[in-house]
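Spelled out from the first residue to the last, the chains are:
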Amino acid sequence: MSKRARLLPKWVTRAAAGIAAGLTLGFAVGWWFWPVQYTNTAPDVLRQDYHDDYVAMVAAAYEVEQDLEQAREWLKLLDPEEPSTPVIELAERLVEAGGSAEDVTRLVRLAQALGANSPTLIPYVEDRP
Amino acid sequence: MSGFSTRQVTGVIGLVIGLALGLLYTWVIAPVELVNTHPALLRTDYRRGWVRLAALSYVADGDLERARARLDGLKQEDVAGVIQALIEEYAAAGRPADTLRSLTTLAKALDVHTPAMLVYLYAPTSSPRSPVRTPYPSPTSTPTPTLTSTPRASPSPTIPTPTPTHTSTPVSRDTSPLTTPTSEPTHTPPPPTPTPPLLARLQLAKQEQICEPGQVPRIEVLLKDERGAGLAGVDVWLLWPGGADRAVTGLKPQNGAGYADFNAEPGTSYVLGIGELGMPLVTDLQIEPCPLEDDEEPLMGSWRLVLEPRSPDHSESGLDRSAGRPERHRG
Numbered sequence: 000m001s002k003r004a005r006l007l008p009k010w011v012t013r014a015a016a017g018i019a020a021g022l023t024l025g026f027a028v029g030w031w032f033w034p035v036q037y038t039n040t041a042p043d044v045l046r047q048d049y050h051d052d053y054v055a056m057v058a059a060a061y062e063v064e065q066d067l068e069q070a071r072e073w074l075k076l077l078d079p080e081e082p083s084t085p086v087i088e089l090a091e092r093l094v095e096a097g098g099s100a101e102d103v104t105r106l107v108r109l110a111q112a113l114g115a116n117s118p119t120l121i122p123y124v125e126d127r128p
Numbered sequence: 000m001s002g003f004s005t006r007q008v009t010g011v012i013g014l015v016i017g018l019a020l021g022l023l024y025t026w027v028i029a030p031v032e033l034v035n036t037h038p039a040l041l042r043t044d045y046r047r048g049w050v051r052l053a054a055l056s057y058v059a060d061g062d063l064e065r066a067r068a069r070l071d072g073l074k075q076e077d078v079a080g081v082i083q084a085l086i087e088e089y090a091a092a093g094r095p096a097d098t099l100r101s102l103t104t105l106a107k108a109l110d111v112h113t114p115a116m117l118v119y120l121y122a123p124t125s126s127p128r129s130p131v132r133t134p135y136p137s138p139t140s141t142p143t144p145t146l147t148s149t150p151r152a153s154p155s156p157t158i159p160t161p162t163p164t165h166t167s168t169p170v171s172r173d174t175s176p177l178t179t180p181t182s183e184p185t186h187t188p189p190p191p192t193p194t195p196p197l198l199a200r201l202q203l204a205k206q207e208q209i210c211e212p213g214q215v216p217r218i219e220v221l222l223k224d225e226r227g228a229g230l231a232g233v234d235v236w237l238l239w240p241g242g243a244d245r246a247v248t249g250l251k252p253q254n255g256a257g258y259a260d261f262n263a264e265p266g267t268s269y270v271l272g273i274g275e276l277g278m279p280l281v282t283d284l285q286i287e288p289c290p291l292e293d294d295e296e297p298l299m300g301s302w303r304l305v306l307e308p309r310s311p312d313h314s315e316s317g318l319d320r321s322a323g324r325p326e327r328h329r330g
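In order, the protein sequences belong to chains A and B. Residues in the first sequence are numbered consecutively from 0, following numbering that gives the first Met the number 0. Residues in the second sequence are numbered consecutively from 0, following numbering that gives the first Met the number 0.
The following block holds chain A by itself, in its conformation from the complex (with noise of 0.2 Å):
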C-alpha cells in the first residue's frame, strides 16, 4: 500500500511534467518556430482609427483622381460585398461627431458616385457645390 502510494504520485509527477513539457513545446511550436505573421495584413483589419482614415483618404483619392474604379477596388478590400458601406458608416459617424463638413462632403460625393446614400447625409448632398 504503501509501495502504491509512493508509485502513484511518482506517475502523476511524471505525466505531469510530460504535459507541461508538450505544452511548452506546442506553444512553442505554435507561437516561436510557426508564429502568427503581423506582417502581410489586409486594411480589413486595420485598428479602427486608421479604417477610418484609410476611407476618408481613398475618398480623397477620388477627389482628386476621379478614379471610381480604383475607389471601389480600394474599399472592396474592407467590404467585398458593399464597398460603399464604409464611407457611409465613416459619413454617419463624423456628422454625429461634429466631424470636418469638407471630409464628409468627400465622402458623400464618393457614396453618390458609388450608388449609395443615407438620409442622415441627404443636407450634405444638397449642398453640394
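In case anyone wonders, no lab produced these hints; they're calculated from the structure. All C-beta atoms, glycine included, are put in the ideal place defined by N, C-alpha and C. Be aware that one or more of the hints could be misleading.
Stated by the list, open to error - Here's a subset of chain B near chain A, in silico, CB distances under 10 Å, partners left out:
(1) Leu23
(2) Thr25
(3) Leu55
(4) Arg65
To be verified - Every beta carbon over 10 Å from chain B, so not counted as near; a handful from chain A, in silico:
(5) Pro8
(6) Asn39
(7) Gln47
(8) Pro79
(9) Glu80
(10) Ala115
(11) Val124
Given chain A's structure and the hints, the job is docking chain B onto it.
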C-alpha cells in the same frame, strides 16, 4: 527495466498530450485574430497603396501634419518609393501643375527627392500654360494619357480620428539635388585634388539644330566620356513647366551608346538634366524654326546636344560656353 520503461512511456504520453493541448489551444481554441493592426503591417502592395492614398489626400486637403501622421511608422524607403513614383507618374501624365506642386511640397517635407519634382523648383517660369498638357511620348518613355480631371484643393479638414500622435519630423534637407557641385578651391597649391565624378563634369560641348523634313521635333542627347566614347545607361531628364520625361542612354544602340532622345514641341522651355538627380545642364531649350531657304516650307528643327566632360583640371569658370553655341544642319 519495466519500471524504467513505464517512466519513459508515461513521459512520452504526457509530452504528446501536452503538445496536442498546446497546439489545440494556439491553433484552434485561441487562434490569433488579426485585428487592430496598423499600416506598417500591411502587405507590401497595400502599404504602398496606403502611402499613395496619403499623398493624394495631401493633394486634396493640404494638411501636412495629417499626412505625416498617416505615414508615421512606415519605412522611409516605402514612402520615398511611392511618392517618387507618384510624382513621376503624374508628371508623365501631364497632371495639373498645382497637383504636382502639392506632391512636390509633400515630397520635400518628407525628405523625398526625385528629378521629376525639380521642374517646379528650377524650370524656367514660362507663360501660363494650359493645365492639360499633351504628353510627349518618346520611344524610350511610357505613353501617357491626357488628363481630364481637375482636382479641387480644399481647406484642411479635421476628422476626429485618433491618428498616431507621435509624429516624427523628418529632417528636411535644404540642399537640392540639383545643386551644382561646388568647384574645388583653386588656392590650395599642392593638391592632388579628387577628380569629380564624370557625370558632374559633363557640360554642353555642342548644340546643333537638325532640320529634317517630315520629322517630329525632338531633342537628341549624346553623352560622351573623356575619350569620346558614348556613355550608356545614364538617366537623362527633360523637364518642362508641368511635366518631365526620362530616357536612358544606349537604348538605341544604332545611334550610339550615349544616345537618347525625346519628342518635344515648340513653345515650351525645356531643361535638360543628367543622372539620377537630374543635374540641369541645359536650360531654356526651345524648339525653333529652321531657317528658310528659297521655297521651302516652314520647318521646326530638332536639337542635338553633345555633352562631354570637362577636363578635371578645368576650373568651373573656365567652361567653354562658346562650345555650346547652336549650329544648324539641314537634313
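inquiry  = Just want to verify: Val124 of chain A was marked as not at the interface with chain B; is every Cβ pair farther apart than 10 Å?
reply    = holds, 17 Å
inquiry  = Verify this label for me: Pro79 of chain A is non-interface relative to chain B, using a Cβ-Cβ cutoff of 10 Å.
reply    = holds, 14 Å
message = Does the closest beta carbon of chain A sit nearer than 10 Å to the beta carbon of Leu23 of chain B?
response = holds, 8 Å
Cut-off 10 Å, beta-carbon criterion: hint that Leu55 of chain B touches chain A = At 4 Å from the nearest chain A Cβ, Leu55 of chain B passes the 10 Å test, so the hint holds.
request  = Say whether it holds or is violated: Pro8 of chain A keeps its Cβ farther than 10 Å from all Cβ of chain B.
outcome  = The claim stands: Pro8 of chain A keeps its Cβ more than 10 Å from every Cβ of chain B (closest is about 12 Å).
ask   = Going by Cβ atoms only, is Arg65 of chain B closer than 10 Å to chain A?
value = holds, 9 Å
query = Against chain A, is Thr25 of chain B within 10 Å by beta-carbon distance?
reply = holds, 3 Å
inquiry  = Confirm or reject: Ala115 of chain A is not an interface residue toward chain B, with every Cβ-Cβ distance exceeding 10 Å.
reply    = holds, 19 Å
key: Closest CB of chain B to the CB of Glu80 of chain A still more than 10 Å away   = Fine: 19 Å to the nearest Cβ keeps Glu80 of chain A off the interface.
ask   = Are all beta-carbon distances from Asn39 of chain A to chain B longer than 10 Å?
value = violated, 4 Å
query = Is it correct that the beta-carbon of Gln47 of chain A has no partner in chain B closer than or equal to 10 Å?
reply = It is violated; Gln47 of chain A is separated from chain B by about 8 Å at its closest Cβ, not greater than 10 Å.
Hints 6, 7 from the list above are not met by this structure, while the remaining hints are.
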